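**Student:** Spelled out from the first residue to the last, the chains are:
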Amino acid sequence: MAYDPKLLKSGADVAAIVGIGETDFGADYAAARARKPPTADVFGYAAKGLKLALEDAGLKASDVDGMVAALVPWMRVEEVLGLDLQFSWGTFWVHEAMALAIEAISSGRAECVAVIYGNAYRSSGRQFGGPNAVATEAVLHYYWYRPWGFTSQGAFDSVVVQRYMEKYGLKHDEIGMVPIAQRAWASKNPRAIMRNPITLEDYLRSPFVAAPLRLLDYCLINDGGVTLILTSIERAKRMKNHPVVAVKGVGFGEDNSDMAQFRPKLNFSRKQMTRAAQEAYQMAGVGPEDISAFYYYDNFSGELFYMLENCGYCEEGRAAEFIRTKGIGPGGKFPVNTSGGMLSEAYMHGWNAQAEMVRQLRGEAGPRQVEGARYAHFMVNQNAKAGSVIYGRMS
Amino acid sequence: MSELKVRPAPPKGMFDGPLWEAVDKGEFRLQRCNDCGFVRYPPTGVCPKCLSESYKWDLMSGRGRIMSWCVFYRQYFPEIPPPNLVVLAEIQEGPIIVADMPGGDAAQLKLDMPVQLVFEPVKWNDGTEGKIFHWSVAK
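Chains as they are written, first to last, in the numbering used here: chain A, 1 to 395; chain B, 1001 to 1139.
What the hints contain is simulated information worked out from the structure, not anything from laboratory work.
Honestly, I wouldn't trust all of these hints.
With beta-carbon atoms standing in for the labels, derived distance ranges [unchecked claim]:
hint, chain 1, residue 1, chain 2, residue 2, range
1, A, Ala27, B, Lys1012, 39 to 47 Å
2, A, Leu215, B, Val1118, 30 to 38 Å
3, A, Ser107, B, Gly1127, 54 to 62 Å
4, A, Trp74, B, Pro1011, 23 to 31 Å
5, A, Arg33, B, Lys1012, 33 to 41 Å
6, B, Asp1126, A, Val134, 51 to 59 Å
7, A, Leu215, B, Pro1011, 39 to 47 Å
8, B, Asp1016, A, Glu316, 34 to 42 Å
9, A, Gly82, B, Pro1078, 41 to 49 Å
10, A, Gly317, B, Ser1054, 51 to 59 Å
11, B, Pro1082, A, Leu7, 48 to 56 Å
Everything numeric in this text was worked out from a predicted model, so none of it was measured.
A virtual CB, placed ideally from N, CA and C, is assigned to each residue, including glycine.
Extracted from the complex, chain B is given alone in its bound form (with noise of 0.2 Å):
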């Protein structure tokens, strides 16, 4: 059994405990306006297309396009040694997400490739156990 990887501890905000509630179940749920169907990330107590206060916690699909990277060769947390390559991908449902690429190559990397977030166990900074979602270059 190997030992879980630490990581910077999500801020957590008023609207953004039940994300990581489903993110520790394996998965991405993120909130859908009840009366425009616009999907909005980070979590917020308002839709911005609307401004209706009713949303529901949609599953969403996992599945991405790249739109960029980049790779942080500066250490900046002491969690996370460098080389830390970081994607930003549009889900199909549309906020554009971003999340670490664990053993990815930013020399493979395309524009519009296709992606998928996976789920990994942590332990978080603050001492507390659940999961964190990387990006994972389609099968």
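This is chain A alone, in the form it adopts within the complex (with noise of 0.2 Å):
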């Protein structure tokens, strides 16, 4: 169905976002690989995070009149963290909440909206494959292959990462390409779990967990929690703490034919994530082109590859030759995932890389500043969903 560019422009440039706060992922790994008992539950690691995302944007919790939480339960969450609201949501998606948080801004029922993400998987033990894994109808696929071992999201990116080997070529050591580069990132960044540095040798001595993945193309499991608060762009400008970045762009897109057959995914989800990506684009009214920093949903490594096709930065097929030629990590002309990601900074569902691409579209990346940045783009893709966003920086 086609859609009108006009009509989504006008979500654009009307909210900006004002504050960041993240929790000190790796003191808080390093505490629970000592099996020293958690500092907070998802409720304490979602006030942390506001908390500290107040103080950033210069305002007090009474300021806030919306919010949209994220993985943290909704409801209880407001209640514990005494906010009162006129506008709450809950969901789990990037895309989702900065398309709510312009819905509330724009119509005037919120004037200043809270996201507040909290994570407590790592403390509550939550399993991702074998028995115990999350088993809900909404992914039947999750558990309906549990006669045969297939459980784990990693294990169904593994066989589109294998398709995408036996089609296009891909090797081994090209994947390495993506967690060495994070790493690379990683290693700038005090707030990250991963720090040290990993060479091509390291990346292929790591243990395949579902081959062709590696245990270094996994994300991190980890407690934290991240908020962003947003306001309208004209009170944006009024405020001083911080150049303004807005939310210029966000796209939807979906492919849910066959999904607990994984059809989509084997198709490298072109057709869901290429809608969400121009659906951004075009709200935001720039195009690949104009991106100084991409940023994606890192479960794991390999999805990189065929997203960059999908979303016009290269040629099917081509995404090894593109990432190897312009250089992912530091110094390199396409920078991807600058804090690390989730599998060197922390697995906080994306929303880490939110808080990456303001401190950078802000100048205040340090030494992962990317030079001049402008625009940065951040893409999920997930089972029969794909989200995007861009934000920018007002000049």
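Assembly of the complex is requested from the two constituent chains, each provided in isolation within its own frame, with the hints serving as guidance.
**Tutor:** Spelled out as structure tokens, the structure:
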């Protein structure tokens, strides 16, 4: 179905991100590995993120009149954090949260929206594969294939990467370019959990979990919180703490046909990702050539290859060559996941990437700063859904 | 007489019974829509192409072509020791079927390679016995 870019554009430059707050992922992870009791539950991590974001924005909790809760249980979180709200919603996804925040701010339902993410997956012992893996009817394939041992999202990605290798000739050492570059970024990030640089030899020695994906292709599991504070562009311009970072584009993509048979994934999620990326580009009025830094939901590294193709950064089947020639690590021409991503910084379901995008666009990313960063693009692709957001620095 | 392999029991929802009853007889049957002919999997009450709730359990060829595979080196289930080769293949009737390929060699597999479903008696980890289906390279 066609969509009208003019209508989409009405949502651009409505909302600005004026506050970011993240818990200390590295310290909490180290404490967990040392078997110390967690310092917070999921609400506590949410509270820590919110406090830091309010401080960053120069606002008080009483200024917040709208909330989008991400992962942290909706409703209960507003009670625990003592928020007095006119607008509240629960989701998981970055692009949904941004669309909701834009709706709340453009309609006047709320003036200051806190997007609050909290995660206690590590301390709660959540399982992603095997007999105790997440089993809900929304994602039947997470448990339908138990008799053959085919569970875990890592395995579901591994078959897509294997098909990509067969079809386009991707090699094992080329997959390694992704975790190696992201670790190089993480080595410049004091908040990152995994900071020791890795080499190609380290990568090729890393054990397979579900081949062709190795341990170093898998994201971390850790606890933490991230909050983003959004308000209107006009109000953001009156606040003087930081350069104004606007939400420029939001895109949605779907391909539900035979999802539980993995058909969309085995087609490299081309339909859903292309649609999400194009929507975001059109809403933002920019294209791939305008993007200063790229971010993605890197639960597993292999997805970056077909994602870059689906977003129009390179042609189908050419992603490995694109990554090799451009460079995605520090000093590269196409910076990707500059905080280390979920592979090396923290498993915050893409929310840590949002904070890093804001830092880069403000020019506050320190040793990781991408010179002259103007637009940052984030993509997520899970099951039958893709999402895309683009933020931009207001000139 | 060798002992039966133990495997994690299949989830059994409202529409899944006839699938496993057929498998126990060595047949692979899926729901074919009585109105539009579409074959769906895993079982559901509704045809995703035409919303018809009328269907029959139709005998499938059990023949497919490989779309991809992976090899588990990490052990997730106590009953399934690694390495475990899992193959995804599209059967002639349309659906993509996921099953393991016992004794298969991932290095010998290619996209579009013809495969066929085979059946083996198993003991499910809930104590019941039945059959499981696997992929095998077509003879």
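**Student:** Please list, smallest to largest, the hint numbers that this structure does not respect.
**Tutor:** 6, 7 and 10
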